[in-house]
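Using the hints, position chain B against chain A.
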Amino acid sequence: MSSPEPGLEAMRSLVAFLARSLVDNPDAVEVREVVRDDAVVLELKVDPADVGKVIGRQGRVVRAIRTVARAAGARGGRRVEVDVV
Amino acid sequence: MVRSLEMTGATVEDAVAAALAQLGVSRNDVDVEVLEEPARGLFGLFGQRDARVRVTVRQTRAGFAREFIEEVARCLDLPVSVKVSQQEDGIHLDVTGYNIGLLIGRRGATLNALQYLVNVAANRVSDERKPIIIDVEGYRQRRVQALESLARRAAQRARRTGTRVALEPMTAAERRIVHLAVQRMGGVSSESQGEEPFRRVVIVPHQRPAGPRRTHRARQP
Numbered sequence: 001m002s003s004p005e006p007g008l009e010a011m012r013s014l015v016a017f018l019a020r021s022l023v024d025n026p027d028a029v030e031v032r033e034v035v036r037d038d039a040v041v042l043e044l045k046v047d048p049a050d051v052g053k054v055i056g057r058q059g060r061v062v063r064a065i066r067t068v069a070r071a072a073g074a075r076g077g078r079r080v081e082v083d084v085v
Numbered sequence: 001m002v003r004s005l006e007m008t009g010a011t012v013e014d015a016v017a018a019a020l021a022q023l024g025v026s027r028n029d030v031d032v033e034v035l036e037e038p039a040r041g042l043f044g045l046f047g048q049r050d051a052r053v054r055v056t057v058r059q060t061r062a063g064f065a066r067e068f069i070e071e072v073a074r075c076l077d078l079p080v081s082v083k084v085s086q087q088e089d090g091i092h093l094d095v096t097g098y099n100i101g102l103l104i105g106r107r108g109a110t111l112n113a114l115q116y117l118v119n120v121a122a123n124r125v126s127d128e129r130k131p132i133i134i135d136v137e138g139y140r141q142r143r144v145q146a147l148e149s150l151a152r153r154a155a156q157r158a159r160r161t162g163t164r165v166a167l168e169p170m171t172a173a174e175r176r177i178v179h180l181a182v183q184r185m186g187g188v189s190s191e192s193q194g195e196e197p198f199r200r201v202v203i204v205p206h207q208r209p210a211g212p213r214r215t216h217r218a219r220q221p
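So the protein lines, in turn, are chains A and B.
Take the first sequence: its position 3, counting from 1, is numbered 3 in the numbering used here, and each next residue is one higher.
Take the second sequence: its position 161, counting from 1, is numbered 161 in the numbering used here, and each next residue is one higher.
The hints are simulated quantities; they were obtained by calculation from the structure and are not laboratory data.
Check the hints yourself; a few may be wrong.
What the hints assert, rightly or not - Once the Cα atoms are required to be at most 25 Å apart in a straight line, the calculated DMTMM-like pairs of lysine to aspartate or glutamate come out as: (1) A:53 to B:37; (2) A:45 to B:195; (3) A:53 to B:70; (4) A:53 to B:196; (5) A:45 to B:70; (6) A:53 to B:71; (7) A:53 to B:31; (8) A:53 to B:127; (9) B:130 to B:89; (10) A:45 to B:89.
Said to hold, decoys possible - To list a few chain A residues with every Cβ distance to chain B over 12 Å, as calculated: (11) 27; (12) 30; (13) 32; (14) 33; (15) 37; (16) 63; (17) 70; (18) 83; (19) 85.
To be verified - Calculated Cβ distances over 10 Å to all of chain B for the following chain A residues: (20) 10; (21) 25; (22) 41; (23) 79.
Since we're looking at a predicted model, the values are computed, not measured.
Built from N, CA and C at the ideal position, the CB exists for glycine as well.
If we strip away everything but chain A, and leave its shape as in the complex, we get (with noise of 0.2 Å):
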């Protein structure tokens, strides 16, 4: 998959990374992007038994990595969304 712009494939390996070093099993985890004129949707996909890993208690570890990801995509003006999937 390439991506059109350098911003995504940056958001999408550091969510990537992200869930990587948070699961059991990180072979399972894939990032796939959504791209709206306005928005990108980052959908993560993990290992069924990893999924409250990636969100923690109350979402706190995926807004977390909403919040790092959208570093990683404030240069290119879009808001940034993570959903697990």
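Chain B only, in chain A's frame:
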């Protein structure tokens, strides 16, 4: 990154010492697996065999944290240098580089998120529970000073007006800095109110004028 080395020596201890010298680490940082015990051989002549060991450097919490931050920076294509120091309150990582304000974010939001994630991730690989504290370009240091002067001004206002002064929502670590600063001042005390992530410090004057209780909001610097 796991570093590991096979080494031989006349005794197991010799082999381990040689491996440690080559890896540049101390005995406490490694796991040793003895692959072959040394054999002295018949009359010290025949069948003599060296000891063979595998020495593996254990991933330290500090080393893990450093690699984590370096990898994040690599993803973002930011050249950084990371300085690690062990302090009483935790493992400090000071990150410096060119144009890396990106890693701090609005009021440290990105920095705090990264710090949270590195701690969660490190807890999976090490039993050590020392907190990892990340700073980027001295941001936290400056933030402490800003928070202390904010606390001072808010306290003056609380004393002058006799009303409670509520500050902006802050993280627990930032609230702690404010509480400690207020403790050193006279005529006021402080408390936290509200629910995370909107929990905030309120500065309370000891002498309150008569009348209904009012709470002022203070401005961020």
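Evaluation of the provided hints:
1. A:53 to B:37: Violated, because 43 Å separates the two Cα atoms, which is more than 25 Å.
2. A:45 to B:195: violated (31 Å)
3. A:53 to B:70: holds (22 Å)
4. A:53 to B:196: Since the Cα atoms of residue 53 of chain A and residue 196 of chain B sit roughly 20 Å apart, the hinted pair holds (cutoff 25 Å).
5. A:45 to B:70: Distance ~24 Å between residue 45 of chain A and residue 70 of chain B Cα, so the pair holds.
6. A:53 to B:71: Between residue 53 of chain A and residue 71 of chain B the Cα gap is close to 20 Å, so the pair holds against 25 Å.
7. A:53 to B:31: violated (29 Å)
8. A:53 to B:127: Judged against 25 Å, a Cα distance of about 18 Å means the pair holds.
9. B:130 to B:89: holds (8 Å)
10. A:45 to B:89: violated (36 Å)
11. 27: Non-interface label stands for residue 27 of chain A: nearest chain B Cβ at 16 Å, farther than 12 Å.
12. 30: Since the minimum Cβ distance to chain B is about 16 Å, residue 30 of chain A lies beyond 12 Å and the statement holds.
13. 32: holds (17 Å)
14. 33: About 14 Å separates residue 33 of chain A from the closest Cβ of chain B, which puts it past 12 Å; holds.
15. 37: Residue 37 of chain A is indeed farther than 12 Å from all Cβ atoms of chain B, at 23 Å.
16. 63: violated (8 Å)
17. 70: Non-interface label on residue 70 of chain A violated, nearest chain B Cβ at 8 Å vs cutoff 12 Å.
18. 83: Its Cβ never comes within 12 Å of chain B, the nearest being 17 Å, so this holds.
19. 85: holds (20 Å)
20. 10: The assertion about residue 10 of chain A is violated, with a minimum of 5 Å to chain B.
21. 25: Holds, since 12 Å exceeds 10 Å.
22. 41: holds (18 Å)
23. 79: About 15 Å separates residue 79 of chain A from the closest Cβ of chain B, which puts it past 10 Å; holds.
When held up to the earlier numbered hints, the structure conflicts with 1, 2, 7, 10, 16, 17 and 20 and fits the remainder.
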